[in-house]
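Asks: Spelled out, the chains give:
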Amino acid sequence: MKESMQEAEYQNLIETSWRRTLSETERARLGKFLEAHPERQESWREDAALNGLLRRMPGAAVSSNFTARVVQAASRVPAKPAWRRRLEAFPWLGGVWVPRAALGAAMVCCGVLSFHGYQVRHRAQEARAMASVSPLAGLASIDWLENFDTINKMNKVQVADEDLLTVLQ
Amino acid sequence: MALPLDPDAALMLRVKDGDLEAFEELVQKYKHPIVNVIYRMLHDLEEAEDLAQNVFVRVFQSAGRYEVSAKFSTWIFTIARHLCLNEIRRRGRHPAQSLESSQNEDEEHAPRQYPDEKICPPPQAFLQKELEQKVQEALGELPEKQRLAIALCQEDELSYEEIAKVLGCSLSATKSLIHRGRETLKAKLKPYLRSGTWEEPETETLPVKGCLP
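In the order they appear, the protein sequences are chains A and B. For the first sequence, the numbering used here assigns the number 22 to the initial residue and increments by one for each residue that follows. For the second sequence, the numbering used here assigns the number 50 to the initial residue and increments by one for each residue that follows.
Mixed in with the good hints, there may be bad ones.
What the hints assert, rightly or not - Derived lysine to any residue pairs resembling SDA-like cross-links, with alpha carbons at most 25 Å apart:
#, chain 1, residue 1, chain 2, residue 2
1, B, 178, A, 164
2, B, 214, A, 37
3, A, 177, A, 156
4, B, 78, B, 106
5, B, 214, B, 189
6, B, 224, A, 52
7, B, 65, A, 94
8, B, 78, B, 203
9, B, 224, A, 47
10, B, 235, A, 77
11, B, 237, B, 190
12, B, 224, A, 164
13, B, 194, B, 174
14, B, 183, A, 164
15, B, 194, A, 64
16, B, 194, B, 224
What the hints assert, rightly or not - Examples of chain A residues toward chain B, derived with CB under 10 Å:
#, residue
17, 40
18, 83
19, 91
20, 94
21, 138
22, 141
23, 142
In case anyone wonders, no lab produced these hints; they're calculated from the structure. Positions of the beta carbon are idealized from the N, C-alpha and C atoms, including for glycine.
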């Protein structure tokens, strides 16, 4: 438990050393930890040397007229039109989701419209096909049904033909 | 009880009303850290200044959208990060020919110049220059996110939590990015870290026997 606490504290100190020079107290704590863990000394040595390298890197020299240039550039920015300023009173309207939602809604509308168009075209095509076939498929003449009942009964054999079955066997 | 307003946020509220003086104060305060971070990313001072100018103009333009709940430093560094990454992508798409390389080509045809043996630069300054170059090269070879994380880590304005917000990742992911970046840097700069060519800052010396050279 104590060991893991020390480890966490060491990690914390290392992370602090990446950002700034350690204070006297922090260095004393780190020194104590390193005394107990000599295997970490090499790693700390490299870390400290890298901290030194990074801290000694010269910062970018900003030109003396930079602020004036920026303020001048900002003052040249054209004033926003009144509608835009009014719109800014409703920040949620300027959110990222608004254009996304609009795009989504437009895509759904396009989908619905194209499906509807497809259905209309499909029905029209079916209607045209039926119209082209319908003259050939006229109703049969009533005279054809004259012997319907007789023919229908011919198929229905009521009793098995025993003689025929015997001959066949 | 209401929390006291962050001084930068108070300035931003004035900028919202079009106050250029407040804007100037903000530029004055943040110009060095912003130019520094962009310079670490692009390694081109002129480009860094131009981009930093764009960052501040963008801040001025978007002042209306600034919410006091957000910390100003996090907000401005996030804008800087976006513009930086856009610039890196733009460079990737349209790589510009380096002026140095064309200069080198010209130099090949130019009459050769020899250094004056009597006038030598001071060795310490020369070594420091070389080391700076090596560190900058090693930083330049890091992946963009690791480079940005390390550059932000060097800025006093931001805590680890704020760096995480700027990078858009969790705190542990941010620390891991910095750690991995530093490990790569250590591997690349190992000879310089060991040789002691660049002496370590005295403040880092620890009272442990044999801990530091």
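Asks: Are there hints from earlier that the structure breaks, and if so, what are their numbers?
Replies: Numbers 1, 3, 12, 13, 14, 21, 22 and 23 - these are the hints that the structure violates, sorted from lowest upward.
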